[in-house]
Structure formats: structure tokens, C-alpha cells
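A.B. asks: Chain by chain, the residues run as shown.
Protein chains: 4
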Amino acid sequence: MTTEIRINDELDLENPILIEGLAGIGHVGRNCVSYLADNLDAEKIGTIESHHLPPYTIVEDDKTLTPLQNKVYQMEVNNRDIIMIEGNAQASSAEGHYEIAHRVLDFADEIGAEEIITIGGYGKGDVVEEPEVFGAVTGQEVQKDYSSYGISFDHDVGQIVGISGLLLGLGKQRGKKGIALLGETPGFLMSDPKSTEAVLQVMEKILEVDLDYSQLDDKVEESQEVLKKLQNLKGSQGEKEQSQQQSSDLGYIG
Amino acid sequence: MTTEIRINDELDLENPILIEGLAGIGHVGRNCVSYLADNLDAEKIGTIESHHLPPYTIVEDDKTLTPLQNKVYQMEVNNRDIIMIEGNAQASSAEGHYEIAHRVLDFADEIGAEEIITIGGYGKGDVVEEPEVFGAVTGQEVQKDYSSYGISFDHDVGQIVGISGLLLGLGKQRGKKGIALLGETPGFLMSDPKSTEAVLQVMEKILEVDLDYSQLDDKVEESQEVLKKLQNLKGSQGEKEQSQQQSSDLGYIG
Amino acid sequence: MTTEIRINDELDLENPILIEGLAGIGHVGRNCVSYLADNLDAEKIGTIESHHLPPYTIVEDDKTLTPLQNKVYQMEVNNRDIIMIEGNAQASSAEGHYEIAHRVLDFADEIGAEEIITIGGYGKGDVVEEPEVFGAVTGQEVQKDYSSYGISFDHDVGQIVGISGLLLGLGKQRGKKGIALLGETPGFLMSDPKSTEAVLQVMEKILEVDLDYSQLDDKVEESQEVLKKLQNLKGSQGEKEQSQQQSSDLGYIG
Amino acid sequence: MTTEIRINDELDLENPILIEGLAGIGHVGRNCVSYLADNLDAEKIGTIESHHLPPYTIVEDDKTLTPLQNKVYQMEVNNRDIIMIEGNAQASSAEGHYEIAHRVLDFADEIGAEEIITIGGYGKGDVVEEPEVFGAVTGQEVQKDYSSYGISFDHDVGQIVGISGLLLGLGKQRGKKGIALLGETPGFLMSDPKSTEAVLQVMEKILEVDLDYSQLDDKVEESQEVLKKLQNLKGSQGEKEQSQQQSSDLGYIG
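Residue numbers (this note's numbering), protein chains in the order written: chain L, 15 to 268; chain A, 15 to 268; chain H, 15 to 268; chain R, 15 to 268.
Bear in mind the hints are in silico, worked out from the structure with no lab data behind them.
Be a bit skeptical, because a hint or two may be false.
Note: identical chains are not told apart, hence a pair may lie in one copy or across any two.
[Claimed, not checked] Cut-off 20 angstroms, straight-line C-alpha distance, at most; resulting in silico cross-link-like pairs (SDA-like, lysine to any residue):
| hint | residue 1 | residue 2 |
| --- | --- | --- |
| 1 | 243 | 90 |
| 2 | 138 | 113 |
| 3 | 85 | 191 |
| 4 | 219 | 129 |
| 5 | 191 | 76 |
| 6 | 243 | 168 |
| 7 | 138 | 74 |
| 8 | 208 | 16 |
| 9 | 58 | 221 |
| 10 | 242 | 169 |
| 11 | 158 | 242 |
| 12 | 158 | 220 |
| 13 | 158 | 123 |
| 14 | 242 | 94 |
| 15 | 190 | 78 |
| 16 | 208 | 57 |
| 17 | 158 | 75 |
| 18 | 242 | 172 |
| 19 | 85 | 188 |
| 20 | 85 | 187 |
| 21 | 243 | 140 |
Given the structure is predicted, the values throughout are model-derived calculations rather than measurements.
Using the sequences provided together with the hints, build the complete structure.
C.D. replies: Okay, here's the thing in C-alpha cells:
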């Protein structure tokens, strides 16, 4: 490897948008993108693997083994090509975060994606009644593009940890433009359905689609189960250091 | 190096099975494979060393020094070539786990091994009366192949940490098929003879051999001593951080 | 990358001095150099990025995203070319510290800088009434060059952690000469204006300039806000391990 | 770099012995070799630096800066060429330990050194009245060579952490032979003069020299001061994680 994006077929895209939602606080990013993929009939076209992910292998419910990997989806919405990156794992080291982000940006260059939307959670550290969706952008002009979707730019998010920030911060230097959507979430919920729904409502407006929310609870529960698998480790190992490491792996905002 | 598999002689194998049992919870994997090697007169044919193992050097009972390394064994059972990997050490970083797993899979490719059995422990976090052996497989069809050996596929193991999972999860992508056998163990026993015996009984059926269990206690005690050597460090250094690191190195399920 | 210094235009400098002030205890180095840049109308000519910095992306007050990067400034003072390196981030690993320091020294070689001044804080661990500025040098002869600027060489600083030490210790081996200026600071203040002012007064004499201190409070407050952004993470993640890591990243003397 | 051994002049040695004593428990190895170098008029002929050492720069008593580096000494004793490696720093990661050890072994190959003596401390975790010197060897035949020097081979040292073990464990595979001498020490003394003297008395017999012990207290005090410099950091940073890391860096047996 060390970080490899495998795409099954050759891609022929026109001005695609890249949407990212990986594991993070409240699993908001992962759940949003996963739900979009299901609901809008996206096709899974590839995977992302890396030496920098935690060295875990998931045991699926049917007892088959799947390496920790992120997935790449493709769909066409209102004549616009969309590529989505979704999954349960971020890097386990600083160097790994940068390497994976640069590799995804190389991929964006290869497929001609100039616009990027990243999705994550913002942990408030307290109960959240009506979760807002906070935005952070590559440039002031982008804020205007996204001004009519109910995104709040009145917040005090100071930084984004992990890929959701890096793709935009580093991407900006390659001429990409885009927005990070951060669903407000308590921070202590493993999977937050309310925050996920809030971000989905924004995405509905951005993509000009109608989403069916009836299966959102299933999706959230599904992700809850994956998280439980990954968290089980804690109990079974009884290793404080280990569980801390895992928490920090998965606890990122991005 | 950085990760090197040294084989003494040229190998000429036919469709060999690769069996792995390295350090982990209850030392089940290491003890099973070590016991199989002894009991079935396997020949030690090589070693695996890596920059990614902990930087420890073992002082043997005769006061000679041995670098931390894993061993490669060869044997022929019922006209089937078998290569086994056994040892006291796994990688000390995420990147190291992936590198070692890929290097072992390269070796599997080189010797034409298409079938892999990995052995580890599953820490229940509680007393275990009658340890079961849980299975996780590369694909549903493999589950059928292993259905008559007393392996339980009715469990809630969510993930495998370390090489026992990676060899199968990553190996699957290279066309390998196989099974992870996880002996149920409390998780707080350094070396668990009951769990080791449970897995050995499964291996006995898989390999169609008769094992002599009379020396199992010796084997378990021997591994207990190695673990004590590696654990001694804790006491002698009095460094909490150090001992935690070591625990997590050795505490993996795989 | 892995560590990249990007300079916008070709540089044509004569015997420039290199001044470094990155994140560290009391944010003394970063604030001094940032203040010098503002007050002496330095021009921002480039950036330093690295895979070894923490994987954070800053959300600016106008909600635009900036990758964690350090800045390179140029100015001419009394006919002397000066290049300054300033910023909020140091490496997150031992290897990263060495790599970034060597890369900056390569850059010093490229632009012909033979003299280096590094600025940091020295955490006393107690209240500091009248902060002194401690000096450490590449060689005894340098101490004489800097003897008339109010720098104290009567201190018990035992070592410098991070770039402020490495640039001089490693630079010395490349024939560079220079001094580390360490502003005495309690160590528990995020941004220490008194210590910053003490070092600025020394720099005023070294550079033979008149500084306007009226905006120092603004500058310190600005850095306080950046630090708060970077510290916010703590609260929002509620991850002890994470916050510890961050503390050690930013808590270095250098 | 990443790990570089710089030798000032070309070496022309005949069958030299390599002696290693780096930072570790009770600073026994570093102090022994440093004392031998002083007492037997060894010449400093080079340095070892590495990206893998902690990123610290030492402020000497005369306020000059020295990068963390280990030193290479040469001397001739009873017509036998001896090369010694001494210093205050070991690697800060598993990978770094292996890399530095292999680089030193490459150097041993280059100068034709087939025999290696490594010196360290063995932390007993309790008061030590009469410190013994424990030995661990590359092979049984070596134990005989060293049987008449008062070295105890009746001990329960289970493993050696760091370079003192790796040089012999890995060196053995390159055909080197040698011994690790471990001075018994409580483990909570920063610099242990009694243990150092015990090992020096063994070295006196091995090298067939007469050592003048009158300056041993000065030597131990000197190392105590370096350690204090390196420990000062703890207090000044008030960072628990940082100090733990440092402890584990320096706390190794080897």
C-alpha cells in the first residue's frame, strides 16, 4: 500500500462533487453519507485501505471477516456526478491522517472533483435539544453559495480534527472549494440520529432531492452495532490504554 | 529489514495450509501452534523478525540472548503440507501490524498457500467454565467446510485485533480462504490451558490427527515463563506507561 | 510532502538572519515573532507544512478553514535581511521534530543564513514577577556577541525541547551560529504578555529598532484565541488521552 | 540521516572489541563506559545521531547547546583495539531502537568488530546491599570465556530492553559473540555509583587493566547533573504525559 484507493471500473465523470463522511463524534458523518448512499441508490465502486487505520478486522453478523476499510460510492443526482467516501475508520497517527487526506485529494484530482463537502459532528459536551448544522468553508465566497440551506455560520467551532478538516484545508491549496458540515451533537452519544437528520435535511436542500427518512432509525442502529463491535474490545481486553487509544481514534470531530 | 521472513532451505510445497498462532489474549494462539509443532514433530524452518516488534531481547534460562522473533514450522500431516507461524510477539504500532500481516501474506503467495487458519483467544471478561471455540471466516462457503468440527458460529465477537484478523481480512482480498479460531478465555489469565485444549481438540478434527495431551501442562507452563520474563519488566522498571504499552502489545485478541 | 517549505517568490538575500518562534510554553516564541512581523512590516513570503504536525484544521473567525501551518516572513531592518518563521504548531513525534528542524536548516542553507535566533519560553513552574530572558548559544564566542542586550546567561535551563533547541544544536554542526532566547514564564499561562514583552525588549536592542508596544495586548489576545480554538477540542471530545497529547504537543519550551 | 554514525578519521583496527553503554536504569552503562573512556585515555573519534532520539537539546553549564547524541571512543588496551559507544540517549520508539541497533551493527561490520560487550543496569525494585553483575551471552561457549571475572550467571533477568539486548540478540545472527553485563541496582536511583563500580571491577578483569576509582564519585555526579537537566523538563512543563514518556525513554534496562 500504504494507502490505497481501489476503484473497480474506470470512471468517466463530469465535474463531480466529492462528499466525505467517515467515523467521528456521534458518527454523524458516516451515518449521513451512508444514508445518502442507500436512499439515493448510490453504487459502491471501490474501497480505501491504509496501513494507518487501526489494525482491527470486523466480524460481520454472518461471521465473515472484513478488513477495516472505507467505501467509495458513485451516484448521479440532478445530472450532477457525485462521489462519496464513507466508512468506520480514520487514521491512528498524525502522519496517517495527512497521508490519507492527501491520497483522497490525489483521487479528487484524478476524477476532476473541484468541490468537496465533508460531514462530521461537533461535540457540544452537553445535551442538545435542536441540533444545528455548523458550516466552515474554504473561502468567504463559498459561504455565500451555501447561505440558503439552513447552515449556521454563527458558531464557535475552533478547529476540526481529522479528515473532514484536512480535505478542505489542504484541498484549498490545490484549488478545491467546499464546506464542512458539522452536526451539533452532545459528544457522548455513540450514534446521534437527531444530529444526523439535521445534516441530512441540509444535504437534501444542497442536492435538491427528497429523502425518505423512514429508515433513518435502522441506519443509525446499524452503525450503533458496528460501533459496539469496535467498542467490545474495551471490555474484552480490560486494557485502559487500549481503550483510550481507540476512543481517540474514533472520537474525532471530523 | 524492516520485516523479514528467513527460511533456511528452499521450500517445495503442494497446496500448503498456513496456520498462525502468535502472542495474544490467554496466549491461546501461541500455545496451540507451539503444541501442535511439538506433538506432530514439525521442523523449525525459519524466523520472522521486524522493526515493529517491541525492542526486547529475551534472556533464556541458560542465559543466552534471543531476539524477539516468531518462528516458522513445517510439517506434513496426512499428505498435506502445513506451514505454521508461532511466537511471542506482535507489532507495537498500527502500521507495524499491517506491514507484518502483508509480509506474511506475501510469503503465503510465495509458497502457494491458499488456505489460512489463524488461532487466538477471545477474552470474555468473566470466568469461563467450558470454553467454546468461536469461528470467523473469509466467506460463507468456508463456514460450511468447517461445520463439523465443533466450532461455534453463534457468538458475538465483534472484531479481531492484530494479525489473526488481518491475515484473513486482507488475505481474502488476495483470494485466500480460511478461518479464525478463537478460544474463549477469561481474558485475565496469562496462559489459559483449558482454552488452549479446546482449540486443540478442534484442530485435531480439522487435521485428522491424534494429539497427546499429556504434555499440555508443560507447554502452558513454559509459555507462562516466557510471559513472566516479558512481564518482569513491569516490576523492574516501575514505569506505568511502559507496562501499559507492553500490556497492549501482548493483550491483543489475535 | 512530507515537510514542505513553500516560498512564493525567488529570494535574493544577503547574509540573512533566521529568526524562529513557534508554538510553545507561554506562546512566547510565537507571539514575539508574530509581533515583530506586524510591527516591522514584514512580508509573508511562504508557509511550512508537514505530515508531522497535529492533524487539525483551524476554523478562523470568518469560518474559513486554514490548515495547521507555520509562516515564513521576510523583512529588511537596518540593511540586514531577516527571515522569520512563526506559527502555532510543532511536530507531534520525535522523528517529526528532527525532520522539520533539518528541513528548516536546509532552507537556511539555501538562502545563505548563517545566523539563527530562536525564541521560546522557559516555564519556571511558579509565579514570575520580573521575567528574565535566558540565553543559550551555539558557542562561547556567540555569548560575547550577545552580551550587551540584557540577556541573562546565569540560569539553570538544562535543555530545550523541540525546534528552538534543535535548530541551534543541529545547526551548529552545519556551521551556523546563534542564540536561543527563552522568556521566563510561569508555565501555566497560555499566553504570557509580560514574558513576551521582555524578549521583545531584547530583540529591540539586537535589531536596533524601536518597537511600538501599544498593540502587544491585542497580539497576545489574538494568540490566546487561537490557543482557545486548539484547546476547545479538549472539552468537545472529552477525551483525556487526546487532550494530554495536545498539551504535550503545544507545551514544549521551544 | 536518519541514524548516522560520524567518525572523524579513517579507522584501521585489528579485531576490535565493541563496548556499549548508553542511558538506562541507574545510568550504569553510560557511567561505566564514560569512566573507562576517561580513565584509560580513550580518544573521542565520532558521534551517533538519530531522528529517533528524543527531540531535546542540552544546555551545557557554559550555556552552549549540544544536540542529544551518543559518542564513539577509541583506545588501545594491552594491544587490543577497543571501540566504545557511550551517551545519554536511546531511541523513543520501537522502530527507532531496531534501526539504531542495526546501524551500530553495520558499523561493527565495517570496523571488523566480532566481539561485543554491552553494559546496563538491572533494576531490582528494592534496596541493593552488594550489587552483583549479571551476565547474558550470545551463546553457551561465551559464558565460559567470561567465567573467571566474577560475573553471576545465576539470576532471573528475563529480558533486556533496548540497545544492550538488541546489539547481542541481533548481532548473534551476524556471527558476533559477546556478553551483556547488567549491574544490579535498585531501579529508583538516577545514577548508582555502587552498581557502576561493581561493573567496572568486572571490566577491570576483562580488560586486564588497573582502574583508578578516585574520580568515580565525580563521574557519577556529572551524570547526575545531565539527568537533572533532562529531568528538569518534568517540573517546568508540568505535563504528566510528557514526563512519563521521558521516563520510559530513559528508564530502560539496557
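A.B. asks: State whether the alpha carbon distance between residue 85 and residue 188 is at most 20 angstroms within one copy, between copies, both, or neither.
C.D. replies: between (23 angstroms within a copy, 18 angstroms between copies)
A.B. asks: At most 20 angstroms between alpha carbons: which applies to residue 158 and residue 75, within, between, both or neither?
C.D. replies: between (45 angstroms within a copy, 16 angstroms between copies)
A.B. asks: Within a copy, between copies, both or neither: which one fits residue 242 and residue 169 at a CA-CA cutoff of 20 angstroms?
C.D. replies: Cα proximity of residue 242 and residue 169: across copies only (14 angstroms, versus 31 angstroms in one copy).
A.B. asks: For residue 191 vs residue 76, is the C-alpha pair at or below 20 angstroms within one copy, between two copies, both, or neither?
C.D. replies: Intra 41 angstroms, inter 16 angstroms, cutoff 20 angstroms: inter-copy only.
A.B. asks: Are the CA atoms of residue 190 and residue 78 at most 20 angstroms apart within a copy, between copies, both, or neither?
C.D. replies: Between copies only: 13 angstroms across, 39 angstroms inside.
A.B. asks: Pop the pair residue 219 and residue 129 into one bin, within, between, both or neither, using alpha-carbon distances up to 20 angstroms.
C.D. replies: within (16 angstroms within a copy, 50 angstroms between copies)
A.B. asks: Checking an output row: residue 208 and residue 16, CA cutoff 20 angstroms. Within, between, both or neither?
C.D. replies: neither (36 angstroms within a copy, 39 angstroms between copies)
A.B. asks: Are the CA atoms of residue 158 and residue 220 at most 20 angstroms apart within a copy, between copies, both, or neither?
C.D. replies: Within one copy, since 13 angstroms is at most 20 angstroms while 47 angstroms is not.
A.B. asks: With identical chains, the pair residue 243 and residue 90 could be close in the same copy or across copies; at 20 angstroms between alpha carbons, which is it: within, between, both, or neither?
C.D. replies: So residue 243 and residue 90 fail the 20 angstroms test inside a copy (33 angstroms) and across (38 angstroms) alike.
A.B. asks: Should residue 58 paired with residue 221 be assigned to within, between, both, or neither, using CA atoms and 20 angstroms as the limit?
C.D. replies: within (19 angstroms within a copy, 39 angstroms between copies)
A.B. asks: At most 20 angstroms between C-alpha atoms: does residue 138 with residue 74 qualify within a copy, between copies, both, or neither?
C.D. replies: between (32 angstroms within a copy, 18 angstroms between copies)
A.B. asks: When no copy is named, should residue 208 and residue 57 be tagged within, between, both, or neither for a Cα gap of at most 20 angstroms?
C.D. replies: neither (26 angstroms within a copy, 47 angstroms between copies)
Of the numbered hints listed earlier, those contradicted by the structure are 1, 2, 3, 8, 11, 13, 14 and 16.
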